[in-house]
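Chemist: Sequence:
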Amino acid sequence: MQTQELSIRRASTPERQLAAWLLPRALGVSRLSQHVEPSVLVAYMEGRLAGALAMACIVAPNESPAVPCALHVVPWVRRRGVARGLLAEAERLALHWGVPGLTSFDAVHEGSPEAECWAWLGFEPVVAMQRFRCSGVAMQDALAPLWKRMQARGGIPEGAKLTPLGEAPPEQLSRLRAMHLGSLPDGIEVYGESHDPDISLAAWTADGRVAGMLVCRRPVNGAVFVESRVVAPGQRNGWVNLCLMLEGVKRGMAKGATAIEFDAGPAHADTVLLARRAGGELVHRTLRFRRAIKSD
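Residues in the sequence shown are numbered consecutively from 1, following my numbering.
The hints are simulated quantities; they were obtained by calculation from the structure and are not laboratory data.
It is possible that part of the hints are untrue.
Mimicking SDA-like on lysine to any residue, the simulated pairs with C-alpha atoms at most 20 Å apart in a straight line are [claimed, not checked]:
#1 K294 <-> A107
#2 K255 <-> R217
#3 K250 <-> E227
#4 K161 <-> H96
#5 K255 <-> Q140
Quick list of simulated restraints, FRET-style, between CB atoms [unchecked claim]:
#6 T163 <-> P233: 33 to 43 Å
#7 S12 <-> M150: 52 to 62 Å
#8 K250 <-> G166: 15 to 25 Å
#9 P65 <-> P157: 11 to 21 Å
#10 P157 <-> V272: 21 to 31 Å
#11 P100 <-> R149: 41 to 51 Å
#12 K148 <-> A292: 46 to 56 Å
#13 R175 <-> A269: 22 to 32 Å
#14 K250 <-> E171: 44 to 54 Å
#15 D270 <-> P100: 24 to 34 Å
Note that CB positions come from ideal geometry on N, CA and C, so glycine has one too.
Sequences are here, hints too, so could you generate the full structure?
Modeler: Here it is in structure tokens:
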């Protein structure tokens, strides 16, 4: 695309390196290029680099087809059509790939400047994650009856157990997290300063397989934050999730915490219901933004 003022083209190798400075989360740490080499567009205005857009043909399962893209326009040329020009070229490329939509690469906080920018560009918000804060006592009161009912109907397999996360084989933890959270399988940091080895737990089946994991940060301002909770597909909707959450709350309270914070995505309706049963407060929401491509 080229007008008298604005020129947009595929980035050359040196220009890709410049674009990484503008888009560090998407390109600087190679997040978009884990599986597919991203396409990078650069915009010039008055002979100077005005902005960049990175996108890759990666379509998330169980979602409306949309290509993730990251966009940055330098301050001195904002509100002069650079973003819209880059997105127009991105739409042409997405349609060439057979994908009828674009989505923001990052989830952003509701009400943030980034959220306002995506909305101004014609993108529609979709809730990506909700963070809840619940009283530890209220959470125990909500979980304990569920645990008792599960015990009464024999829903806890003989030989199942919980251990500190650090006692689980690192390769099993890495594989579980990589499969279900998209993390790189390089190992999991469970002994870092922010993570609490006493509250972070692994759930085991009787045959020695890790069925789930709970990674918690050390209590701050009276609250334990659940950084990640992963349950193997064959163990979902059963004892693993319930046991991890109940024991995590108990151990957090034993260390002086009075509240627990955790995230719930669109697929975690049961977690949202649990938060509401425990009288949880919605701390914040993060949003992704999507835009359908209008075909000519």
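Chemist: Give a verdict on every hint.
Modeler: Here is how each hint holds up against the structure:
no.	hint	in the structure
1	K294 <-> A107	violated, 23 Å
2	K255 <-> R217	holds, 12 Å
3	K250 <-> E227	holds, 17 Å
4	K161 <-> H96	violated, 51 Å
5	K255 <-> Q140	holds, 15 Å
6	T163 <-> P233: 33 to 43 Å	violated, 21 Å
7	S12 <-> M150: 52 to 62 Å	holds, 60 Å
8	K250 <-> G166: 15 to 25 Å	holds, 18 Å
9	P65 <-> P157: 11 to 21 Å	violated, 39 Å
10	P157 <-> V272: 21 to 31 Å	holds, 27 Å
11	P100 <-> R149: 41 to 51 Å	holds, 46 Å
12	K148 <-> A292: 46 to 56 Å	holds, 48 Å
13	R175 <-> A269: 22 to 32 Å	holds, 26 Å
14	K250 <-> E171: 44 to 54 Å	violated, 29 Å
15	D270 <-> P100: 24 to 34 Å	holds, 32 Å
Figure legend: structure checked against the earlier numbered hints; hints not met, in rising order: 1, 4, 6, 9, 14.
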